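**Q** Here is what each chain is made of, one letter per residue.
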Amino acid sequence: MFGVMRVINLAHGSIAILAAYVVWSLAEGLEISPFLALLAVMPIMALSGWLLQRAVLERGLRSGQLVPLLSTFGLAVVIDNLLFEKYGADTRSLAPNVGDLAFESWNLTDDIAVGQLAVLTFAVAVLLLGGLHLFLGRTTLGCAIRATTEDPDTAELVGINSRKVYAIAAAIALVTVALAGTFLGMRAAFDPYAGPAQLIFAFEAVVIGGPGSLWGTLWGGIILGVTQNLGSQISPQGFLIAGHVVFLLILTVRLLVNSSDLLRWVGSRLRLSE
Amino acid sequence: MTELAKVAVQRWTPLSVVATCGLVGLVLVLAFGPYYLSAYLTDRLTTLFIYVIMAAMWNALAGYGGLVSVGQQAFFGLGAYAAIRLSFWNVDPYLALILGTLFVGILALPLSLIALHLRGGEFAIGMWVVSELAHLLVNLDPLVNGETGISLIALDAYDAGVRRAYNYWLALAAMTALMALLFLLLRSRVGASVQAIRDSEEAAASLGVRVITNKRIIFVLAAVGCAAAGALWLATLISFQPRTYFNVQWTAYMIFMALVGGLGTYEGPIIGAIIFFLIETFFGGSGVWYLVGLGAAALLFSLFLPRGLWGALQDRFELRLIPVGYRLRFLDGRPSTEGSAFNPKSDDATTSQNTAAQISSAEYQGGNAI
Chain A
1 MFGVMRVINL AHGSIAILAA YVVWSLAEGL EISPFLALLA VMPIMALSGW LLQRAVLERG
61 LRSGQLVPLL STFGLAVVID NLLFEKYGAD TRSLAPNVGD LAFESWNLTD DIAVGQLAVL
121 TFAVAVLLLG GLHLFLGRTT LGCAIRATTE DPDTAELVGI NSRKVYAIAA AIALVTVALA
181 GTFLGMRAAF DPYAGPAQLI FAFEAVVIGG PGSLWGTLWG GIILGVTQNL GSQISPQGFL
241 IAGHVVFLLI LTVRLLVNSS DLLRWVGSRL RLSE
Chain B
1 MTELAKVAVQ RWTPLSVVAT CGLVGLVLVL AFGPYYLSAY LTDRLTTLFI YVIMAAMWNA
61 LAGYGGLVSV GQQAFFGLGA YAAIRLSFWN VDPYLALILG TLFVGILALP LSLIALHLRG
121 GEFAIGMWVV SELAHLLVNL DPLVNGETGI SLIALDAYDA GVRRAYNYWL ALAAMTALMA
181 LLFLLLRSRV GASVQAIRDS EEAAASLGVR VITNKRIIFV LAAVGCAAAG ALWLATLISF
241 QPRTYFNVQW TAYMIFMALV GGLGTYEGPI IGAIIFFLIE TFFGGSGVWY LVGLGAAALL
301 FSLFLPRGLW GALQDRFELR LIPVGYRLRF LDGRPSTEGS AFNPKSDDAT TSQNTAAQIS
361 SAEYQGGNAI
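Going down the list, the sequences are from chains A and B.
Here my numbering is used: the first residue of the first sequence is 1, the next is one more, and so on.
Here my numbering is used: the first residue of the second sequence is 1, the next is one more, and so on.
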């Protein structure tokens with residue numbers, strides 16, 4: 001939602017981790033499946049998104065780029081440390097709560113096996129992006145969101161309540177973040193200070209894919225994931241280094257070509273070769 | 001206004017002359033600190049000087065340059081690392097601290113080629129990525145022993161008391177030099193230019209301001225400042241652990257200090273640093289809640305008092321202690337105006353007009369007609 005909201009939320013990663021913790025607490029406390037807990041958490045997150053927009057981001061949007069960056073960074077610091085205060089430094093994982101799903105896999109051939117959870121995560125990601133794509137492209141509300149992004153004042157002129165539209169967009173963004181946090185929690189372990197790293201990965205994926213493009217983000221995520229794994233083959237630290245280096249390389253290339261012409265070209269090639 | 005108003009461009013006011021002289025006097029008094037201060041106070045003041053450097057440098061970047069970076073810890077850590085690396089090549093440790101700082105400044109030049117093309121939040125997180133990468137790359141150096149870290153052992157050559165005094169003087173000298181440099185820069189064309197860029201990059205470019213060059217000057221200055229802070233921190237702490245030095249909390253502190261003191265004012269970050277220093281002295285032991293408080297304060301200040309304490313005072317009482325801007329005094333008796341202040345609430349167009357007026361008055365002072 002980086003592109004759509006036109007504002008960069010530095011608390012994005014921390015909110016994802018917060019959602020993962022809430023899901024974990026529900027799943028542990030009530031002994032229910034994390035998926036069920038996620039269903040319960042999603043409306044709460046939508047409401048928090050609404051509140052976040054009304055209380056924090058809205059003030060920022062009126063006063064340029066600087067203020068929302070500062071306030072969301074402050075918020076991230078608050079969330080991270082409150083999580084630390086409540087849950088301590090132990091790493092948690094939702095993996096034990098999903099039973100066999102965490103390690104079961106489908107064997108495609110004798111050599112290639114894919115984890116069920118990985119497939120499920122990918123499917124949800126594609127469905128989510130597809131859903132968002134259709135929602136933004138085809139529905140009236142989606143058009144209203146895009147119009148508000150382009151120019152809130154003009155959108156107001158044609159009868160769009162831009163405050164409401166922003167708040168809805170924020171609510172959707174936080175539901176998405178909750179989903180991401182939960183799947184992250186099922187796949188790996190997390191701790192109170194894991195938020196910033198998630199923010200960085202998300203941001204890298206968005207920039208690699210080209211800001212403002214939903215399918216680009218998916219490509220960005222795939223490129224980032226593949227390079228990180230290739231990097232980890234070289235050295236244990238290579239995982240992160242490779243990701244950051246690829247990000248900076250792509251950024252440099254993008255600046256060299258001045259605008260995203262090259263990426264568009266590569267993008268069209270990739271689609272042709274499918 | 002239709003007719004050309006008669007104005008006088010004023011930089012110094014009687015109050016600002018007194019305040020500036022007072023500040024210079026204070027620095028002179030502080031210069032003899034180690035002779036009359038207790039060891040504890042000397043150490044604490046050294047820390048305060050480092051905070052002032054960090055706050056002022058982050059403010060230069062964000063408050064004046066409009067470049068919000070969440071990755072200044074990259075330079076903080078690199079400054080310390082460069083000093084360690086040099087000291088293990090048998091460079092005198094104090095020389096290593098200075099050379100290390102300058103080295104980071106040189107490193108910031110090629111980095112600025114990429115970073116400065118990013119805008120707003122992209123720059124903020126892009127710099128964060130840079131700092132993460134710098135952290136990981138530093139860890140690759142076998143000297144650092146991964147996250148275990150290493151100490152600036154070479155400092156053992158100096159007696160503890162001598163070391164304390166040297167650290168103090170080095171911190172005071174670095175602070176004074178950087179603040180003086182910032183003062184001169186802000187009063188020069190660069191100062192007016194970066195503020196014009198902050199308010200509107202397009203408008204500034206259309207007036208002929210060299211956007212990237214001006215941004216680069218402020219970016220490199222901030223990098224050198226943060227590297228100096230990192231090197232000085234190393235001198236006081238002696239041990240170097242990558243995770244501590246490349247921690248984003250440093251940027252959180254810088255943001256807190258600059259924001260609470262007053263973003264886009266010269267005096268603000270100094271006040272912010274003193275406030276932070278006092279809070280840390282009294283509440284630093286309370287751990288997590290202390291950090292929660294800092295984050296919450298940053299959040300609230302950015303929403304409700306984006307000009308910070310000093311900015312709010314300035315607006316109310318028209319106080320300008322350190323003259324880095326221009327004051328336009330109307331000769332026909334209208335109240336004087338000042339166009340340099342950072343004002344996130346104002347409309348883009350009016351602010352850039354203000355700053356544009358400033359640039360032309362800068363030209364006027366230099367004797368060039370546009």
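No lab work stands behind these hints, which were simulated from the structure alone.
Careful, some of the hints might be misleading.
Stated by the list, open to error - FRET-style restraints, in silico, Cβ to Cβ:
hint : chain 1 : residue 1 : chain 2 : residue 2 : range
1    : B       : Ile-238   : A       : Asp-153   : 20 to 28 angstroms
2    : B       : Ser-239   : A       : Gly-88    : 20 to 28 angstroms
3    : B       : Phe-283   : A       : Glu-28    : 53 to 61 angstroms
4    : B       : Ala-39    : A       : Ala-89    : 50 to 58 angstroms
As the list claims (entries may be wrong) - Pulled from the structure, derived: some chain B residues nowhere near chain A, Cβ distances all over 12 angstroms:
hint : residue
5    : Trp-12
6    : Tyr-35
7    : Ala-62
8    : Asn-139
9    : Thr-148
10   : Val-292
Remember, it's a predicted structure, so these values are computed and weren't measured experimentally.
No residue lacks a Cβ here, since even glycine has one placed at the ideal position from N, Cα and C.
**Q** If a hint holds in the structure, say so; if it does not, say that too.
**A** Status of the hints after comparison with the structure:
1. B:Ile-238 <-> A:Asp-153: 20 to 28 angstroms: Because 57 angstroms falls outside the window, the suggested range is violated.
2. B:Ser-239 <-> A:Gly-88: 20 to 28 angstroms: Distance hint for Ser-239 (chain B), Gly-88 (chain A) holds at roughly 26 angstroms.
3. B:Phe-283 <-> A:Glu-28: 53 to 61 angstroms: The hint (53 to 61 angstroms, Cβ to Cβ) is violated, given that Phe-283 (chain B) and Glu-28 (chain A) are roughly 33 angstroms apart.
4. B:Ala-39 <-> A:Ala-89: 50 to 58 angstroms: Distance hint for Ala-39 (chain B), Ala-89 (chain A) is violated at roughly 34 angstroms.
5. Trp-12: holds (30 angstroms)
6. Tyr-35: Tyr-35 (chain B) clear of chain A: closest Cβ-Cβ about 40 angstroms, beyond 12 angstroms.
7. Ala-62: Its Cβ does come within 12 angstroms of chain A, the nearest being 7 angstroms, so this is violated.
8. Asn-139: violated (6 angstroms)
9. Thr-148: holds (14 angstroms)
10. Val-292: Since the minimum Cβ distance to chain A is about 5 angstroms, Val-292 (chain B) lies within 12 angstroms and the statement is violated.
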